[in-house]
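Trainee: Residues per chain are reported as follows:
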Amino acid sequence: MRRETIINAALAIGLLAIPLWAHVTGEIFTITLSTRVAILALAAVGLNLALGLGGLISFGHAAYFGLGGYAMGILAFHAQNYDPIFTWPFVFAGTKQMLVIWVVALIVSGLAAFVIGMLTLRTSGAYFIMATLAFGQMLYYLFVSWPKYGGEDGMSIYLRNDFPGVNTLDPIQFFLICYVLLMLGIFVSWRIARSPFGLALQASRQNAERVETVGITPFRIRLAAFVISGMITGLAGALMADLNRFVGPTMFSWQTSGEIMILVILGGVARLYGPVAGAALFILLEHWLGGVSDYWLAFVGALLLLVVLFARGGLIGSLAGREVAHD
Amino acid sequence: MTEPVLEIRHVHKNFGALRASHDINLTLLPGEIHALIGPNGAGKSTLIKQIAGNLRPDAGEIRFLGQDVTELDTVSRARMGLGRSFQISSVIPEFTVLQNVVLALQGAQGTSYHFFRAVLKDRETTAKAREAAERVGLGDRLAVWAQDLSHGERRKLEIAMALALEPKAFLLDEPMAGMGTEGAAEMTRFLDQLRHEAPILLVEHDMDAVFSLADRISVLDYGEIIATGTVEEIRTNPEVRRAYLGEDEEAV
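Those sequence lines, one after another, are chains S and F.
Numbered according to my numbering, the first sequence spans residues 1 to 327.
Numbered according to my numbering, the second sequence spans residues 1 to 252.
It should be emphasised that the hints constitute simulated quantities derived from the structure, not laboratory data.
Remember, predicted model here, so these are calculated numbers, not experimental data.
Worth double-checking, as some hints may not be accurate.
To be verified - Restraint-style ranges between C-beta atoms, simulated for each label pair:
hint, chain 1, residue 1, chain 2, residue 2, range
1, F, R123, S, V292, 54 to 64 angstroms
2, S, S293, F, Q87, 27 to 37 angstroms
3, S, E286, F, Q147, 35 to 45 angstroms
4, S, R2, F, Y113, 26 to 36 angstroms
5, S, V308, F, T2, 56 to 66 angstroms
6, F, R123, S, A17, 37 to 47 angstroms
7, S, A298, F, N14, 52 to 62 angstroms
8, F, G139, S, V308, 33 to 43 angstroms
9, F, Q147, S, R3, 18 to 28 angstroms
10, F, S212, S, A134, 56 to 66 angstroms
11, S, M138, F, H10, 46 to 56 angstroms
12, S, R122, F, E61, 20 to 30 angstroms
13, F, E197, S, M130, 44 to 54 angstroms
14, S, A17, F, G180, 53 to 63 angstroms
A virtual CB, placed ideally from N, CA and C, is assigned to each residue, including glycine.
Make a model of the complete structure from these sequences and hints.
Mentor: Here's what the structure looks like:
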């Protein structure tokens, strides 16, 4: 078995075993931390598709994270206040059903990624980074100045949303929902990476002119990847909102975009389990160093610098080494 | 008279005051190797780019398979069956040889929007890719990263990728560049076979190769085609000798 496969399996099992053990011993806080790891990892799985496979350095993935969050927030807000979202052509009262919320989050973030991708993917390099950042900030200010949905203060959802047959208020049960979705996200990105589409996407990153010469349009390939990427991050946003039972405009802030990107880079760009490793490391550092110093992010910054300078493959890359050629 | 596969009619292209292409007329007939030669800066690359669709001519028409393709982009022309290799090797560096050829194949098949099928598990596609790689002599290098190939091998991979498209015409930009005597001879033998599959428009500096392969030669100088003819006609054309081969090139 390849070394990376073993590391991946260890991460997948570890992320499941730790909260289960915490459940048995009654350490609720550890379950919550694990749930955050799973959700942030899912957001990073989304970005990793665009950034890792496609080389699209999106500094605006907070847009999809936030849209997913607000999809949950707005639907649940109307449902808990018995205030229909719209009454024509039929009365839609909002919903507390996660399954419906997820579908809406996926659609909304996918549409946003399509529009933003159409407008930004014509650019590259620094312009692309700035353009995606600009869209993220636009949405941030939009929601800051939208009083109906809490404006700057955001809004609280008093009860976690429902999932058929699951008590979502039980931390371990909600964790399992997030874990299953993370695994699904990883499965999707694994299949995509080795599909014809993934091949074209990775080729477009390395040599777009060559891709055109064999009759494939890099722009369209990138756009499709960007949409899928945004959708996955959007779903993570809906879960994060449900975990916190709160949505606020900081979900859209550029710091959020930066954080998701840091997870990808720490874990290992384009590595299948890079986002999981990155998110786990990030949350551990936040937990341990956050207790030591308020300036724990400075340590994360230093670590990021070390990874970028000396360990380009991130955590997974340092442990598993360079990818080997296969046929 | 047979219908040309590729036809360039009165193509003009200027860059400011520079006449890169001036009233270019050129045909590529079925089964032939048509070599395009000329000194550096004569406008060969500009012409190739216009044929491949990277540059739009200022005036004139480019016809491929009897259809006006002047307004079509690179991707559409590639889909129609224009197989191109680049002057400077242009492969996907972090892909294996096999992945490179598979990429070309899926471009031709239009399967790039399959999201869930494992591309290298597709027997039919990989078999075809293997075959194309074997034909250029890379059969035992399938699992090697393209960036680890030697210069000559990368040139071969270029050809294999063009080959995989099963093109209706080849557009080969200096396939022998930097290959060495042995490699060039090998490539010459290979191209000699290749013409039976599709005609080749060959831009090449290696005169031995050009003279042994070409059915017809066109000479480009200062953006103009100053002569088109058989090897013998070109060799003895005084204008060509003056412009390109040099007055004293008796040995050729």
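Trainee: Against which earlier hints does the structure fall short, listed by number upward?
Mentor: The structure breaks only hint 2.
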